[in-house]
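Engineer: One-letter residues, chain by chain:
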Amino acid sequence: MRPFSYIRPTTAEEAVNAFADAEAGARFIAGGTTLYDLMKLNIERPTHLIDVTAIGGLATIDTSGDRLRFGALAPMSAVAADPVVAGDYPVLAEALWKAASQQLRNMATVGGNLLQRTRCMYFRNGVDGVYPCNKREPGSGCAAIGGLDRGQAVLGASGSCNAVSPGDWPVALTAMDASVEIVGPAGQRRVPIAELYRLPGDTPHIEFSLAPGELITVIEVPRETLEAGTARGSTYHKIRDRESYAFALASAAVVLEIEDDQVIRARIALGGVATRPWRATEAEAVLAGQRLTPERAIEAGRAAFRTAQPGRHNRFKLELGARTVADALLIAAERSRS
Amino acid sequence: MSKDEWVEESDKGQCSGFGLTRRDTLKSGAAIVAVSLSTQGPNSAEAAADRAAPLPVTPQYPLLVRTTVNGEMVEVEIDTRTSVLDLLRERLGLTGAKKGCDHGQCGACTVHVDGRRVASCLTLAAKVEGGEVVTIEGLSDGDNLHPMQQAFIDHDALQCGYCTPGQIMAAVACVVEGNATSRERIREYMSGNICRCGAYAGIVAAIEDAASKMGRG
Numbered sequence: 067m068r069p070f071s072y073i074r075p076t077t078a079e080e081a082v083n084a085f086a087d088a089e090a091g092a093r094f095i096a097g098g099t100t101l102y103d104l105m106k107l108n109i110e111r112p113t114h115l116i117d118v119t120a121i122g123g124l125a126t127i128d129t130s131g132d133r134l135r136f137g138a139l140a141p142m143s144a145v146a147a148d149p150v151v152a153g154d155y156p157v158l159a160e161a162l163w164k165a166a167s168q169q170l171r172n173m174a175t176v177g178g179n180l181l182q183r184t185r186c187m188y189f190r191n192g193v194d195g196v197y198p199c200n201k202r203e204p205g206s207g208c209a210a211i212g213g214l215d216r217g218q219a220v221l222g223a224s225g226s227c228n229a230v231s232p233g234d235w236p237v238a239l240t241a242m243d244a245s246v247e248i249v250g251p252a253g254q255r256r257v258p259i260a261e262l263y264r265l266p267g268d269t270p271h272i273e274f275s276l277a278p279g280e281l282i283t284v285i286e287v288p289r290e291t292l293e294a295g296t297a298r299g300s301t302y303h304k305i306r307d308r309e310s311y312a313f314a315l316a317s318a319a320v321v322l323e324i325e326d327d328q329v330i331r332a333r334i335a336l337g338g339v340a341t342r343p344w345r346a347t348e349a350e351a352v353l354a355g356q357r358l359t360p361e362r363a364i365e366a367g368r369a370a371f372r373t374a375q376p377g378r379h380n381r382f383k384l385e386l387g388a389r390t391v392a393d394a395l396l397i398a399a400e401r402s403r404s
Numbered sequence: 023m024s025k026d027e028w029v030e031e032s033d034k035g036q037c038s039g040f041g042l043t044r045r046d047t048l049k050s051g052a053a054i055v056a057v058s059l060s061t062q063g064p065n066s067a068e069a070a071a072d073r074a075a076p077l078p079v080t081p082q083y084p085l086l087v088r089t090t091v092n093g094e095m096v097e098v099e100i101d102t103r104t105s106v107l108d109l110l111r112e113r114l115g116l117t118g119a120k121k122g123c124d125h126g127q128c129g130a131c132t133v134h135v136d137g138r139r140v141a142s143c144l145t146l147a148a149k150v151e152g153g154e155v156v157t158i159e160g161l162s163d164g165d166n167l168h169p170m171q172q173a174f175i176d177h178d179a180l181q182c183g184y185c186t187p188g189q190i191m192a193a194v195a196c197v198v199e200g201n202a203t204s205r206e207r208i209r210e211y212m213s214g215n216i217c218r219c220g221a222y223a224g225i226v227a228a229i230e231d232a233a234s235k236m237g238r239g
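Line by line, the protein sequences are chains F and D. In this text, residue positions in the first sequence follow the working numbering: the first is 67, and each later residue adds one. In this text, residue positions in the second sequence follow the working numbering: the first is 23, and each later residue adds one.
Heads up, some of the hints might be wrong.
[Claimed, not checked] Coverage of chain D stretches by chain F, computed from C-beta distances (three or more under 8 angstroms per stretch; other residues unrestricted):
id, region
1, 95–109
2, 168–174
3, 187–201
What the hints contain is simulated information worked out from the structure, not anything from laboratory work. Think of the CB as a built atom: it goes at the ideal place given N, C-alpha and C, for glycine as much as any other residue.
Next up, chain D with everything else stripped away, as it sits in the complex:
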């Protein structure tokens, strides 16, 4: 099976709990509707129930957060303890960002907030009020992969793939920041993303390649 076929196959997997295929999610840029679990009328609540998971606990300190995720406005009631990572994964069904360590040590949860890469596991969801979040699901232009996504495929920059969404989000930021100017600098500025499979050689090559295509190399 060629690499392209493998990607096709894996995209057919169901995204459990939401009735969406991963391809659908990618296509729609993660179609999210405004979600407010307690403050809106029955119709919007019904629509929300299709799309967002309910809060698993009754929050002692509920907080309404309004933010933009992959270009879509989102309004969700959260418990104040919620991280951006848990908001994305558990409430909005965007499971691209991974919970590796949950302590800011591995980089698997990397997303962009207001154009800068952050560890979403150590970012309080309350902090993205009024902000803009971009995840791996929002990176491609419909079916056209972002140059960094394509470069990771072309350079075999992964094995198991678990760290890859975080690697790619960090890598895109690394290029945009102007920190992809040499192999040494790429290694330094990507050191917050751990790959236990050890695909580092491919990752550095992919970033060099994508940087030239993104016009920053």
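One chain only, chain F, in its complex shape:
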């Protein structure tokens, strides 16, 4: 690991200014569960760490208004255990408690989790010339394409990269139409979660639409469109190689609004199968105005993967993904009835 200087400012302004003053190589660090891990692997090589965890007021959870507001520094475990989140927003709570382990959820923040980097094994294990990777070394190539691609994306890949976006929480937030508040050198702005993530294209090393020195401060989830201000008819359904403590092979975040057995609106996002949190609008269209039957649910699931492009070893994700969506829809429908 490269040596780095370390500071721990107490205001967002100080943190942003420190970033601007630092030479190239500055990084913000919160829980560190991704960044410090990748520094040990010599993939991330910051020379200046700005620890943002002492910034005041950014760890609050506010569920009292017409929008749920989660301070970026709130630990994943705290948001998962919040009574309103756990009771009324199962899609959010499940995306959090089904991720990582309680130890890591105590460390990782809900803001930092949005910026978690891929678990692609060629990205993680091929540093210093072992495997090329366009994320690590732009322009070097991609060993995963045509390689051992069982875990790779079937949606949103390019000729440069097919690495899966690893998160669960960003997938749930995508289904909930969340947005993030950002502060940076140019002031404050708000970005819909859908615009935070970039497709790999020819520049897979640029994963987020954040400018250098920008810091996510708050995650906001609208609640006013939902009946009674809750999302009880929702779920985050996660399928893994083992029952717990693993990344998704396929996952589906589903938020349903149902009236008289008819789907008013279904919002569906996919994880584990795409290069970014993936909104499945084709699947949503299949359901709008329809009665939700098991047949319709699997039809919607298949629609989500109509444009999928599997490689040599990950074709199974098409069927697994479709069934994951179908199961998630039926779970959410059951919950919306109770």
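Based on the hints, put chain D in the right spot on chain F.
Structural biologist: Relative to chain F, chain D alone:
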């Protein structure tokens, strides 16, 4: 040899490099004195040399960290790259927390920071400035084992023992969090602690047992 005798025997092993037996370490709650390698006078430096290992490298970015470990105030100069795990093991001689994977994947390094369980291998030591760290060495009350330690012995919740300090620290937190309310929930909330010997059945039984004794089951 009974299990109790085995524990007695193993406790007589020397903790290499510090001249303390494991039993001494347990008894003293890991008696640590303030350690500052460059900023204090000769006497305290001399005392420190008895207790703490020196930094193995000349740090490019040294940092003075003040924190509480098992109830004792500690002051150590570290390299900014140091993890809490390396601070505990390499500098303070507290080798209970284990370095299994060093990437937050196995749970063997689990300790409590400010009352919450964390992976000490992925926690920068700089982050525990002003904080409170509790390790397996600080869990017992003198010679009286914590109910979770006793339960692990009673339920044969280990074979090789390598993952056990991490399992026990995670298990205590699991109970305190209120996540030890059923076998299913214990399994889910202990899934971050891998046991390659496969002692999981005993581990779950131990946690159920200890939870009732800790008043949270």
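Engineer: Take the hints in turn and mark each one as holding or not.
Structural biologist: Hints versus structure:
1. 95–109: It holds, with 4 qualifying residues against the three required.
2. 168–174: violated (count 0)
3. 187–201: holds (count 5)
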